[in-house]
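Trainee: I would like the entire structure built from these sequences, with the hints used as guidance.
Read off the chains here:
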Amino acid sequence: LAKTTQPISMDSYEGQEVNITCSHNNIATNDYITWYQQFPSQGPRFIIQGYKTKVTNEVASLFIPADRKSSTLSLPRVSLSDTAVYYCLVGDRGNSGGYQKVTFGIGTKLQVIP
Amino acid sequence: KAGVTQTPRYLIKTRGQQVTLSCSPISGHRSVSWYQQTPGQGLQFLFEYFSETQRNKGNFPGRFSGRQFSNSRSEMNVSTLELGDSALYLCASSLKLAGGHADTQYFGPGTRLTVL
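These protein sequences, in sequence, are chains A and B.
Everything in the first sequence is counted per our numbering, starting at 1 for the first residue and increasing by one.
Everything in the second sequence is counted per our numbering, starting at 1001 for the first residue and increasing by one.
Please keep in mind that the hints were generated in silico from the structure rather than gathered at the bench.
Owing to the predicted nature of the structure, the values given are computational and were not obtained by experimental measurement.
Hints are supplied without guarantee of correctness; some may be wrong.
Said to hold, decoys possible - Straight-line alpha carbon distances no greater than 30 Å define the calculated DSSO-like cross-link-like pairs of lysine-lysine that follow: (1) B:K1057 / A:K3; (2) A:K69 / B:K1057; (3) A:K54 / A:K69; (4) B:K1057 / A:K52; (5) B:K1057 / A:K109; (6) A:K52 / A:K3; (7) A:K109 / A:K52; (8) A:K54 / A:K109; (9) A:K3 / A:K54; (10) B:K1013 / B:K1057; (11) A:K109 / A:K3; (12) A:K3 / A:K69.
Mentor: See the structure below:
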């Protein structure tokens, strides 16, 4: 299983763009990269997923370089409500039938400051 | 479409007892995974069930077990509870597509277990 490494914590002011980088040096060919957001006492919530290059949705962008050994989650213009823990996951697609095994990193605690 | 539901939301037990937690996945989702979350260890994978069979298992002792029913609902059981089992237990469901794109997991709110 690919292991992920991400910063333990980050602080940002409201309105700024936040970039959280995750390292996954041993990522396998079939692995996808997924980011989740978690608020205290709640289950993680899916943010974005990608395989290579750049993916963008209504809440975030995900940048993945060609070697796929890292990925960067970009949150544009953060607000206080974005204060949460962000997890980077590298998922094993599995064989036909899609047996899945994922590894959660320790997560990055993002604190947005007014 | 209703999300993943977990019952009960909160539970208090004493050492040595056993506990059963329940998870109802999103309608149509066939895979259910369980995770344990503690402040010190973060989110740790317990096991995954698909088509009523355990497909993957994390590094937990045999006191932790689970099962999945034909309607995809799942239960996990912890026997002989220890103080260290106090945690938030999260259930996640996914479609489990064959091959192709990696499945997105959708998490429930969790069951907060306190062992006294």
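Trainee: If a hint holds in the structure, say so; if it does not, say that too.
Mentor: To see whether the hints hold, each was checked on the structure:
no.: 1; hint: B:K1057 / A:K3; verdict: holds, 17 Å
no.: 2; hint: A:K69 / B:K1057; verdict: holds, 26 Å
no.: 3; hint: A:K54 / A:K69; verdict: holds, 14 Å
no.: 4; hint: B:K1057 / A:K52; verdict: holds, 28 Å
no.: 5; hint: B:K1057 / A:K109; verdict: holds, 27 Å
no.: 6; hint: A:K52 / A:K3; verdict: holds, 18 Å
no.: 7; hint: A:K109 / A:K52; verdict: holds, 25 Å
no.: 8; hint: A:K54 / A:K109; verdict: holds, 23 Å
no.: 9; hint: A:K3 / A:K54; verdict: holds, 21 Å
no.: 10; hint: B:K1013 / B:K1057; verdict: holds, 25 Å
no.: 11; hint: A:K109 / A:K3; verdict: holds, 18 Å
no.: 12; hint: A:K3 / A:K69; verdict: holds, 11 Å
Checked against the numbered hints above, the structure violates none of them.
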